[in-house]
Amino acid sequence: MSDTHAQTVSYVRETMLPETDPPVKERGAVKWIRENLFATWMDAILTVISLYIIYYVVSHVGPWFANGIWNAGSLSECREIRNATIGTDASAACFAVLSDRWQQLVFGFYPQEHYWRPVAALLVFLAGLAPVLFDGIPRKMLFVTAAAPFLMFMLLWGGPIWGPIVVGLGFVLGYLAFRALTPVSKLLSNLAALIVPLVFWMFLTGPIAGALSSIAPIGLEFVPSKDFGGFTLSIVIGVAGIILSLPLGILLALGRQSNLFIINKCSVAFIEVIRGVPLIVWLFTASLLLNYFLPPGTNFDLMLRVIIMVTLFSAAYIAEVIRGGLAALPKGQFEGADSLGLDYWQSMRLIVLPQALKISIPGIVNTFIGLFKDTTLVVFIGLFDPIGLSNAIRASTDWNGIYWELFVFIGLMFFIFCFSMGRYSLYLEKKLQREHR
Amino acid sequence: MKKTAFLGALTVAGLTAGAASAATLDDVKARGNLICGVSTGLVGFATPDANGVWEGFDVDMCRAVAAAIFGDPMAVEFVPLTTQTRFTALSAGEIDLLSRNTTWTFSRDVDLKNDFVGVNYYDGQGFLVPKALGVSSAKDLDGATVCIQTGTTTELNLADFFRINNISYEPVPIETNAEGQQQYLAGACDTYTTDASGLAATRASFENPGDHILLPEIISKEPLGPLVRHGDNDWADVVRWTLNALITAEELGVTSANVEELAAAAGDNPEVNRLLGTEGELGAMLSLEPDWAKNAIMAGGNYGELFEKNIGENTPIGLARGLNAQWTEGGLLYSPPFR
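Quick note, the sequences are listed as chains Y and X, same order.
With the first letter of the first sequence counted as 1, position 108 gets the number 110 in our numbering; the numbers rise by one all the way through.
With the first letter of the second sequence counted as 1, position 320 gets the number 581 in our numbering; the numbers rise by one all the way through.
Hints should not be assumed to be uniformly reliable.
Unchecked claim - Only pairs whose alpha carbons sit at most 30 angstroms apart, straight line, appear in this in silico DSS-like list of lysine-lysine:
(1) X:482 with X:570
(2) Y:228 with X:570
(3) X:570 with X:290
(4) Y:267 with Y:333
(5) Y:27 with Y:142
(6) X:290 with X:392
(7) X:400 with X:290
(8) X:290 with Y:228
(9) Y:228 with X:392
Stated by the list, open to error - What follows is a set of in silico ranges between Cβ atoms, one per label pair, in the way DEER data are often shown:
(10) X:494 with Y:63: 57 to 63 angstroms
(11) Y:167 with X:368: 20 to 26 angstroms
(12) X:550 with Y:200: 46 to 52 angstroms
(13) X:437 with Y:287: 21 to 27 angstroms
(14) X:597 with Y:117: 24 to 30 angstroms
(15) X:474 with Y:32: 57 to 63 angstroms
(16) Y:64 with X:443: 48 to 54 angstroms
(17) Y:200 with X:597: 55 to 61 angstroms
(18) X:437 with Y:266: 54 to 60 angstroms
(19) Y:38 with X:443: 37 to 43 angstroms
(20) X:449 with Y:47: 29 to 35 angstroms
Claimed, not checked - Computed footprint of chain Y on chain X, listed as stretches where at least three residues anywhere in the stretch have a Cβ under 8 angstroms from a Cβ of chain Y:
(21) 306-315
(22) 333-342
(23) 575-582
Keep in mind the hints are simulated off the structure, nothing from the lab.
The beta-carbon is built from N, C-alpha and C at its ideal position, and this holds for glycine as well.
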């Protein structure tokens, strides 16, 4: 050190000061609160107002939840328990209706001794879904995916096991015909893949399944569609609609982009007609109008009609979402595929659709969430979805007058399903993120 | 898989097209059960219990018909129907019988091509008001806000009533009865109007039923009854006379408790004998077993028993018989004789 300033400066610190904590205002919770909640006067006022609103809501709804009564046989019993334990003026939810009827809200009128079957079907569905959703799972699991729809059908509806097996055989036959004729002619093999299963299903499935069932009558007890209800019904309609509408929507989107006049115009007409009319109108069509075209006495399963309508409806939306994805692809991708000498289906399968679908994921999942929630509309055609069941439960003298408790439960269940779908879509978008940013 | 089911259904449809005929009774017998359209949920009239078994006043009507045909009150398949789907389901042949608190009106009978076979409940539109409102007559409701279900006859009745009495009101449209209860309790409207039976059930569900009163005016006629399709008189007869059997049974003092005994052998009262099939051939005329009426009565009881069990004064709904008493007791129930 030089002595230059030894005379001018009276004191020079020769050691570092020990580190001290930042001032209270600049650290921890206080800093966070100052920066985020009370940064300006405006912020402070808004914070105070918000806090008051939160307090107001919680102080009204909180006790209602906290005082909830879970064990009672009827609404009046709930009130007696509340009067005896909390006081006459206290607000208390009567969740006893859920303890009493939760099985009905979840399974509808499905026979109680068979409740394991919808649960097992859900597990099969998840097992079949896993290899599709996550690539960490061995590819062999895709066989489970292929078998899942048939297994789920057997579990949910029951009846002799031969029906679904013989129907599945139709797909196998179609595939074999396709393989056998591919060397001969491409067109012929495609036609065979379409016609062989159709002919098989129309003329042979019934007799073969009937014969097999009479030889070996094995299978679960048959449960008719009218016994389905509650979330089982919502999930069956929603899942069937989702699974069936995606391929149909992709085909429609491609059809709308197609240069072939008839295919193009048919797709456009289908999409515009289905999309231009509210779902509730289609549901009424399915439940009421169809009856006039079918001969009297026919019993064309109402649930099947609803599934078909819901599928067509959401397919039209999916088609438009995917068309957006297709339109977002640069023209060079189509031209590049052509220049590689790929035919139409190869270029779509290998180059165009993977990119277009990736772009459309948020829109597709959005449509699926909408579809799942729209299943509650079936209440207007007399099916017992959770909302319909809440009306039926309220119609019993025990639970007449109960209101919010049922809606809270139904809302919570729907939230869980829709939220997990949304989360998965986010995960998928992140995983497929290929752009350089 | 869905496609095959669809095609299969179409094939079946084609095959059975020729077989389906106007003879509903034969179809029902061949099928082995009765398909009965009921409400999706109406307190006291139709509701599934915790095990999914339907019960209620309208439901018991279905069970009585099933018992009359098959001797088994459980041989019924219930199809829940909304107000929008009920008539189409009946005319399209999806159900055999509609027993769903449906008001018998001219246009429903004539224009919609239904056959109302009788009246099983005489209802009428009333008003529910809080006692604190200090109103004792519906005519005092000038300027009141009224909770009213949209798209129903009650809406039209209400407009008529206020116009006739030259007073004004402000409607608060609601969709379902449950919503009406909530709106009324929340004070969104001064009065809630719907069928008096529904109002009684609503009032019974309140925390303090005593704070609310039903006004004395009944402003409409709502004869509720079961109905069938036009054009099959034999089937209409089966349903009509099952209902009449239940009413006559009460008049003659035949109950579910003593019907077995009375039907064992012909007794002193010839009409009871004819009703229960120990005398005459009434069952055969309907193409039913001779003990059809006995089975119908055993299913749940006579009219009075069904009333007491589902909606009567000992239930939480607590409806008095009123117009629905036997004609001998000042009511309107009057079955034609069994002869």
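Cross-check of the supplied hints:
1. X:482 with X:570: holds, 24 angstroms
2. Y:228 with X:570: Judged against 30 angstroms, a Cα distance of about 27 angstroms means the pair holds.
3. X:570 with X:290: holds, 29 angstroms
4. Y:267 with Y:333: At roughly 22 angstroms apart (the allowed maximum being 30 angstroms), residue 333 of chain Y and residue 267 of chain Y satisfy the hint.
5. Y:27 with Y:142: Distance of about 60 angstroms is beyond 30 angstroms: violated.
6. X:290 with X:392: The given pair, whose Cα atoms are some 53 angstroms apart, is violated under the 30 angstroms limit.
7. X:400 with X:290: violated, 53 angstroms
8. X:290 with Y:228: Status holds; Cα separation ~21 angstroms.
9. Y:228 with X:392: Violated, at roughly 44 angstroms.
10. X:494 with Y:63: 57 to 63 angstroms: Hint holds: Cβ distance 59 angstroms, inside 57 to 63 angstroms.
11. Y:167 with X:368: 20 to 26 angstroms: With Cβ atoms ~52 angstroms apart, the hint is violated.
12. X:550 with Y:200: 46 to 52 angstroms: holds, 48 angstroms
13. X:437 with Y:287: 21 to 27 angstroms: holds, 23 angstroms
14. X:597 with Y:117: 24 to 30 angstroms: violated, 49 angstroms
15. X:474 with Y:32: 57 to 63 angstroms: holds, 60 angstroms
16. Y:64 with X:443: 48 to 54 angstroms: violated, 21 angstroms
17. Y:200 with X:597: 55 to 61 angstroms: The hint (55 to 61 angstroms, Cβ to Cβ) holds, given that residue 200 of chain Y and residue 597 of chain X are roughly 58 angstroms apart.
18. X:437 with Y:266: 54 to 60 angstroms: With Cβ atoms ~45 angstroms apart, the hint is violated.
19. Y:38 with X:443: 37 to 43 angstroms: holds, 39 angstroms
20. X:449 with Y:47: 29 to 35 angstroms: holds, 32 angstroms
21. 306-315: holds (count 7)
22. 333-342: holds (count 4)
23. 575-582: holds (count 3)
Of the numbered hints given earlier, the model fails hints 5, 6, 7, 9, 11, 14, 16 and 18; all others are met.
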